[in-house]
Amino acid sequence: SRTPGYHPLAVRGGVVRAHETCVTVAGLANAGQAEAAYELLAGLLEAAPFFAYRMPEMHAGEQRVPGHAPVAHPLACRPLARSAAAVLPALVALAGVRPDAPEGKVVVRPPTPPAFGELELADLRIAGETFTVRVNRQGQAVVEEAPTDLQLAE
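Going left to right, the sequence shown walks through residues 1 to 154 as this note's numbering numbers them.
Calculated from the structure, these hints are not laboratory results. Treat the numbers as computed from the prediction; the structure is a model and nothing was measured. Some hints here could point you the wrong way.
With a straight-line Cα cutoff of 25 Å, these simulated SDA-like cross-link-like pairs (lysine to any residue) come out [as the list claims (entries may be wrong)]:
#1 LYS105 / LEU80
#2 LYS105 / GLN151
#3 LYS105 / ALA26
#4 LYS105 / PRO70
#5 LYS105 / PRO79
#6 LYS105 / ALA81
#7 LYS105 / PRO74
#8 LYS105 / ARG78
#9 LYS105 / GLU57
#10 LYS105 / ALA69
#11 LYS105 / ALA60
#12 LYS105 / PRO49
#13 LYS105 / LEU45
#14 LYS105 / ALA48
#15 LYS105 / PRO4
#16 LYS105 / LEU40
#17 LYS105 / ASP123
#18 LYS105 / LEU119
#19 LYS105 / LEU91
#20 LYS105 / CYS77
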């Protein structure tokens, strides 16, 4: 916030864009930076109730203060479907799920210990088949309901 040109409502110099933040979360998780990824995702999840879980396209990038609501950007689309949907691939990446559809393979390698505690991702789909991944607090993953022809790797 001390950077010249910063303003919490500046479209290219201060706002938080939920979709772009989730893309960053997935990239950090895939690069092995689970703690940093979770910290960003936690910020979005903490903001969500203030928008009735209907995330706007962007909101003010001000420092969080307990009890103070984030402010939606006045020109933001509210809600924006991709802002709400973007959290799903971010969670999949944080859980260590790496799909490879052309090979019909899924690698499940969650960080140890996971930054988020226990997590269940149900009805994940690859190559037209569904499966469920559960990650416990120790970072151990269990894949359930996977089709027999799906290759699982750790």
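Hints and how they fare:
1. LYS105 / LEU80: Distance of about 32 Å is beyond 25 Å: violated.
2. LYS105 / GLN151: holds (5 Å)
3. LYS105 / ALA26: holds (19 Å)
4. LYS105 / PRO70: violated (40 Å)
5. LYS105 / PRO79: Violated: LYS105 and PRO79 sit about 35 Å apart, past 25 Å.
6. LYS105 / ALA81: Given pair LYS105, ALA81 is violated - Cα atoms ~29 Å apart, limit 25 Å.
7. LYS105 / PRO74: Status violated; Cα separation ~44 Å.
8. LYS105 / ARG78: violated (37 Å)
9. LYS105 / GLU57: violated (34 Å)
10. LYS105 / ALA69: Distance ~42 Å between LYS105 and ALA69 Cα, so the pair is violated.
11. LYS105 / ALA60: Violated: LYS105 and ALA60 sit about 40 Å apart, past 25 Å.
12. LYS105 / PRO49: violated (36 Å)
13. LYS105 / LEU45: Distance ~30 Å between LYS105 and LEU45 Cα, so the pair is violated.
14. LYS105 / ALA48: violated (33 Å)
15. LYS105 / PRO4: The hint is violated at about 47 Å.
16. LYS105 / LEU40: violated (29 Å)
17. LYS105 / ASP123: holds (16 Å)
18. LYS105 / LEU119: Distance of about 21 Å is within 25 Å: holds.
19. LYS105 / LEU91: Holds, at about 19 Å.
20. LYS105 / CYS77: It is violated: about 37 Å lies between the C-alpha atoms, which goes past 25 Å.
Checked against the numbered hints above, the structure violates hints 1, 4, 5, 6, 7, 8, 9, 10, 11, 12, 13, 14, 15, 16 and 20; every other hint is satisfied.
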